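Chemist: Construct all of the structure, not just a fragment, from the sequences and the given hints.
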Amino acid sequence: MVIEVIHEKQFSVELNKLSSKPWSNLSSSYYSLYKAALESHTLDPKFNTIHWAHDVALVCEEIKYSIISMRTYASAYKEENLAGSTPSSVSPSVAYYADNAITRIHSCRDKIALMVWAYFCPFNPLKRDEVLDYIKVKSRLDTPFKYGITIDHHELFLVHLNKLDSAEFKRITEYRHMKIHRREPQIEIYGVKSFHDWGYNLPVVKDIEIQEWEDSIKDDPFEQDLPGELRKQCTYDGVLYDNIKLPSRLWDYVEIDKIIESTSSSLVSAAVGCFKVLRRRAPFRIQKK
1 MVIEVIHEKQ
11 FSVELNKLSS
21 KPWSNLSSSY
31 YSLYKAALES
41 HTLDPKFNTI
51 HWAHDVALVC
61 EEIKYSIISM
71 RTYASAYKEE
81 NLAGSTPSSV
91 SPSVAYYADN
101 AITRIHSCRD
111 KIALMVWAYF
121 CPFNPLKRDE
131 VLDYIKVKSR
141 LDTPFKYGIT
151 IDHHELFLVH
161 LNKLDSAEFK
171 RITEYRHMKI
181 HRREPQIEIY
191 GVKSFHDWGY
201 NLPVVKDIEI
211 QEWEDSIKDD
221 PFEQDLPGEL
231 RKQCTYDGVL
241 YDNIKLPSRL
251 WDYVEIDKII
261 ESTSSSLVSA
271 AVGCFKVLRR
281 RAPFRIQKK
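Numbering-wise (the working numbering), the sequence shown opens with residue 1 and increments by one.
These aren't lab readings, by the way, just hints derived from the structure by calculation. Only a predicted model underlies this, so the values are computations on that prediction, with no experimental measurement involved. Heads up, some of the hints might be wrong.
To be verified - Here are the simulated lysine-lysine pairs, DSS-like style, with alpha carbons at most 30 angstroms apart:
no. : residue 1 : residue 2
1   : Lys245    : Lys163
2   : Lys179    : Lys163
3   : Lys276    : Lys21
4   : Lys127    : Lys179
5   : Lys276    : Lys146
6   : Lys138    : Lys163
7   : Lys9      : Lys21
8   : Lys276    : Lys35
9   : Lys232    : Lys258
10  : Lys258    : Lys218
11  : Lys9      : Lys138
12  : Lys64     : Lys163
13  : Lys232    : Lys17
14  : Lys170    : Lys245
15  : Lys193    : Lys78
16  : Lys232    : Lys218
17  : Lys78     : Lys179
18  : Lys218    : Lys245
19  : Lys193    : Lys245
20  : Lys46     : Lys193
Modeler: Quick look at the structure:
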């Protein structure tokens, strides 16, 4: 992707913002581990973890680029479109890079956990009997005895993995779930308003749902003037329907930016921390001659 010349200055501004800690420590801590791996190449299965470390470092850089691009295009959109100038303020470019950042943050959290797990267990990443992720790996490290596993000296890794268990990461998972499995999430640059989005028709079939629907229209003037008419208009093929706006369909750009900022920072911090723990352990700890 080529940032237009007019936005190069803003791109540089956003790049400088992500040049402080923990981002500034990412490359140095990874290359220290990578250099040690080259010097101590061994058939020890613990060496597998360096492959995951490489993936983690690579994806973190992709996240960084996505954040910078998202913010650059958001600034460009605001320059060209003032608040209130259009009913809805949506930028495909902002959405594209926000999607990139969020899906990679979610993926990289799994990869950091798998990097740690590879150090303790020589698992085969090609086997599909069970696809391990952050939640499953962390559960094994929290209570290894429940899985019949014996591991030692894993507590320092848990300190860093625990940074990736927060309300913000739950929102990242929610967004990703919508992106992949449900309605396309839409980011409103100037915030979500009551008139944004259309309702979605959902069947109302359970007794409690029907009662809640009836309670919700008690104060409707139309229902008071023509009793039962509203229910009749909302019934198709004998089934009652309610028109609602789906939750998690619309996202405020300010919230998205804060969530990405918080989770990516925690992600990089956890990656750097795990790199440093690995660097102090065999086979990546170079013995003095």
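Chemist: None of the hints should be skipped; say for each whether it holds.
Modeler: Now the hints, each set against the structure:
1. A C-alpha spacing of about 33 angstroms is found between Lys245 and Lys163, which places the hinted pair above 30 angstroms, so the restraint is violated.
2. Distance hint between Lys179 and Lys163 is fulfilled; the C-alpha atoms sit about 24 angstroms from each other, no more than 30 angstroms.
3. For the hint linking Lys276 to Lys21, the alpha-carbon distance of about 15 angstroms falls within 30 angstroms, and the restraint holds.
4. With a C-alpha separation of about 26 angstroms, the suggested pairing of Lys127 with Lys179 holds against the 30 angstroms cut-off.
5. Simply put, Lys276 and Lys146 have alpha-carbon atoms about 28 angstroms apart, close enough for the 30 angstroms limit, and the pair holds.
6. Proximity of Lys138 to Lys163 is assessed by CA-CA distance (about 11 angstroms); at most 30 angstroms being required, the pair is judged to hold.
7. Using a Cα cut-off of 30 angstroms, the hinted pair Lys9 and Lys21 holds, with the two alpha carbons roughly 22 angstroms apart.
8. Our distance criterion of 30 angstroms between C-alpha atoms is met by Lys276 and Lys35, whose separation comes to about 13 angstroms.
9. Taking the CA atoms of Lys232 and Lys258, the gap is near 45 angstroms; set against the 30 angstroms cutoff, the hint is violated.
10. Between the alpha carbons of Lys258 and Lys218 the distance comes to roughly 40 angstroms, so the proposed pair goes past 30 angstroms and is violated.
11. Taken as a hint, the Lys9 and Lys138 pair is broken in the structure, with Cα atoms around 42 angstroms apart against an allowance of 30 angstroms.
12. A C-alpha spacing of about 19 angstroms is found between Lys64 and Lys163, which places the hinted pair at or below 30 angstroms, so the restraint holds.
13. Between Lys232 and Lys17, the direct Cα distance comes to roughly 57 angstroms. Violation of the 30 angstroms bound is thereby established for this hinted pair.
14. Using a Cα cut-off of 30 angstroms, the hinted pair Lys170 and Lys245 holds, with the two alpha carbons roughly 21 angstroms apart.
15. At roughly 17 angstroms between alpha-carbon atoms, Lys193 and Lys78 fall within 30 angstroms of each other, so this suggested pair holds.
16. Using a Cα cut-off of 30 angstroms, the hinted pair Lys232 and Lys218 holds, with the two alpha carbons roughly 15 angstroms apart.
17. For the hint linking Lys78 to Lys179, the alpha-carbon distance of about 24 angstroms falls within 30 angstroms, and the restraint holds.
18. Taking the CA atoms of Lys218 and Lys245, the gap is near 20 angstroms; set against the 30 angstroms cutoff, the hint holds.
19. For the given pair, Lys193 sits about 12 angstroms from Lys245 by alpha-carbon distance, which is consistent with the 30 angstroms threshold.
20. Proposed proximity of Lys46 and Lys193 is contradicted: the alpha carbons are some 52 angstroms apart, above 30 angstroms.
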